[in-house]
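Line by line, the protein sequences give chains A and B. Quick note on numbering: the first sequence equals residues 1 to 370 in our numbering. Quick note on numbering: the second sequence equals residues 1 to 372 in our numbering.
These are computed hints drawn from the structure, not numbers from a lab. Among the hints, erroneous ones may be present.
Listed next, with one range per pair, are the computed distances between beta-carbon atoms [stated by the list, open to error]:
(1) Pro250(A) <-> Ile319(B): 26 to 36 angstroms
(2) Ser72(B) <-> Pro169(A): 50 to 60 angstroms
(3) Ala216(A) <-> Arg19(B): 31 to 41 angstroms
(4) Glu160(A) <-> Val347(B): 45 to 55 angstroms
(5) Val239(B) <-> Glu160(A): 49 to 59 angstroms
(6) Pro250(A) <-> Pro116(B): 27 to 37 angstroms
(7) Glu87(B) <-> Leu313(A): 24 to 34 angstroms
Backbone N, C-alpha and C define an ideal beta-carbon position, used for all residues, glycine too.
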Amino acid sequence: MWAASRERVREMVRKEYLQLFRDPRLWRIMFIAPLIQLIVFGYAVSTDVHDTATFVIDHSNSRASRELVDGFTASGYFRVVGTSQRPADLVRALDKGDARVGIEIPVDFSARLHDGSGAVVQVVFDGTDSNTATVAQGYAERIVQNYAQRVSGDARPAIELRERAWFNPNLVSRDYNVPAVAGAIVFLMCLLLTALAVVREREIGTLEQLMVSPLAAYELIAGKTIPFALIGLADVFLVTAAAVLWFEVPFMGSFSLLLLASLLYILSSLGIGLLISITSKTQQDAFLTTFLIFMPAILLSGFMFPVSSMPELFQWLTLVNPMRHYLEIVRGIFLKGAGIPALWHQFLALLALGVVMLGIAASRFRKTVA
Amino acid sequence: MINPGRLMAMARKEAIQLRRDTRSLILAFLLPVILLIIFGYAISWDVRNIKTAVLDQDQSAQSRELLEAFRSSGYFTFQRQLRSASEIAPLLDGVSVQLVLVIPPDFSSHLNAGQPAELQAIVDGSDANTATIILNYARAIVQTYSLKVQFQGRQVTPPLRAETRVWFNEELVSRNMIVPGLVAMIMMIVSSMLTATTIAREWERGTMEQLAATPVSRVEVILGKMLPYVAIGLIDMVVISLLGMFLFDVPFRGNPLLFMVLSFFFLIGALGLGIVFSVLGRSQLLATQVAMLATFLPAVLLSGFMYAITVMPKALQLITYLVPARYFLVVTRGIFLKGVGVEVLYVQGLLMILFAAIGLFLAVRVFKKELV
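If we strip away everything but chain A, and leave its shape as in the complex, we get (with noise of 0.2 angstroms):
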């Protein structure tokens, strides 16, 4: 009986195969897509701040406002795009987004600086985008406060705070990000690939046939499932290889981890994927009930927005996701050369959902059938 089953699902594969390649075209996009895609997105996907445009007003124009305003060129974190003596220009580049940052020393700020006074500089940001004017904020004081000590020629202070930054010493936000980046193409491709996988055929009319055929329900999900985990390991393949060889994220852990993790993470994205295309009527249904699911779960994956700031119900919530796991994992193996023991409740968590979600779509299949 276990022979005969095998060659069933074998057959079935061969079928699944067959229609995937018919269209030559859909090669280059299983295979070639996810790698532009991590490449063009791998650069896209960066929170560093630096180059701000910045526009400045110098009513001093002395030589400390120029020194003050070369530390903050000379930081890299900003750079002048425009000087004026007029506010209302400075308004005009930041209504009009010319400008990100702006800048307005006042007519007395030499004199103050030097009397005892106190000098203050206007630093006004734009914060439409509120990530960037965060970060820049704490940029822009600290240039300030360091110009300020210099001036002073005090001593050190009386705490010096030393930094170090583990795992990413420049803290280079591509790093962290690439890798999750190659998390979420896997899981796209994934989920788009099988969502309408089981609805065409709904559509076009053949699952009747496949009904009639002795296929049981789970050798059909298997026939459904193992093509598609093939091509989604292909693809953890390529987009790795790319992330280590064309960005040069390092890779501190075991690839084999890796490859494990994949599985199980490939096999959570094909249950629901699959448990999409049970339950739609039409592939435009699955293809709208995909984004549905993808777009939560990137967002809530950890990959843009950390898990930690969430709300305690949303980190709750996050537990189901399989992308939240994995990237915990790949981002683990990548810069910290994690293995198992740091690991283990995550591949805990993609076995069990990879369990229940592929048996929760075999059972609903069984339904549908009958």
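Starting from the structure of chain A, add chain B where the hints point.
Below, chain B without anything else, positioned relative to chain A:
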């Protein structure tokens, strides 16, 4: 050339088909609401509750005072007291601690002797953005405490101080940045995703023959197919804007009419692109994949919605000029938050009209009614 009767008949057919797809229709309205709730309630870039572990080797009044300054800032939650430096590495390997503060044994003796004392902040740098913000907070707290110790409460004026102000989003709330962007995003999703399937579906189901046998012209088919989706897109836009304003207190400072008009043009362009993909893809699977890659992902990642364009490499910055959402985002943020009008947005406005024209033109151009 366009017969209004035939056009409306086409639109009615599409609307009926859409209505029969109850799930698609519900999703088209549910998706924006769900996204809005997640963006509004769940996520932010604001860094709070920084999980902190402390290794206080000094155990003096001063060290406790400094730690209290960290605690009372509200940004840090102390999770653990460490006993030795060897505990640090395994802690940071996991995800349960983001920051370790180490106070060396000579901390208070240095302070009392007037020598510079030292505080070590070891941060998990893997999330560079969060780490940068954490270090900024830590620096500010140490600086304040440092001044307090140095001047023992004497009032001194620092020679220079920065007075920082934030415009347009005074509290730096991330949802004020996100909601206007979300309007652009949702319209992109709804339009290109929904339409990507419409023509391909007719081919797959074989109803294209029936359509071909009718006297409707190409333009009528395209416009007729677009109309119901225009309605959905505009309703979505209004719903998100209103929810954003009333539920999440996102300010709307500009002219609603201008906003409507420019959104309309953007929508037409996006719908046109969706139809182009639908025609060229022929199968729904391929059309949706392409629509996703070519419209949605760039709109999210290359438009400045979440990631600043200025820090991207030059080549990528050039590509972003081709992303229509980039310009529309300037429109939505400008009208929502800055309250600017045509005098500032005329370039973007013209580009929206251009985008609509190109979208329509391409859609009509690639679509062939004839059966090949």
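Kindly confirm whether 24 to 34 angstroms is satisfied by the beta carbon distance between Glu87(B) and Leu313(A).
At roughly 32 angstroms between Cβ atoms, Leu313(A) and Glu87(B) fall inside 24 to 34 angstroms, so the hint holds.
Supplied distance hint 27 to 37 angstroms, evaluated on CB atoms of Pro250(A) and Pro116(B)
Distance hint for Pro250(A), Pro116(B) holds at roughly 34 angstroms.
May I ask you to test the hint 31 to 41 angstroms on the CB atoms belonging to Ala216(A) and Arg19(B)?
Holds - the Cβ-Cβ distance for Ala216(A) and Arg19(B), about 37 angstroms, lies within 31 to 41 angstroms.
Could you say whether the range 50 to 60 angstroms given as a hint is met by the Cβ separation of Ser72(B) and Pro169(A)?
30 angstroms, violated
Take the C-beta atom of Pro250(A) and the C-beta atom of Ile319(B), compute their distance, and say whether it sits inside 26 to 36 angstroms.
27 angstroms, holds
Assessment of proposed distance window 45 to 55 angstroms (beta carbons of Glu160(A), Val347(B)):
Holds, at about 49 angstroms.
Do the beta carbons of Val239(B) and Glu160(A) sit within 49 to 59 angstroms of each other?
Between Val239(B) and Glu160(A), where Cβ atoms are some 53 angstroms apart, the hint holds.
Checked against the numbered hints given earlier, the structure breaks only hint 2 and satisfies all the rest.
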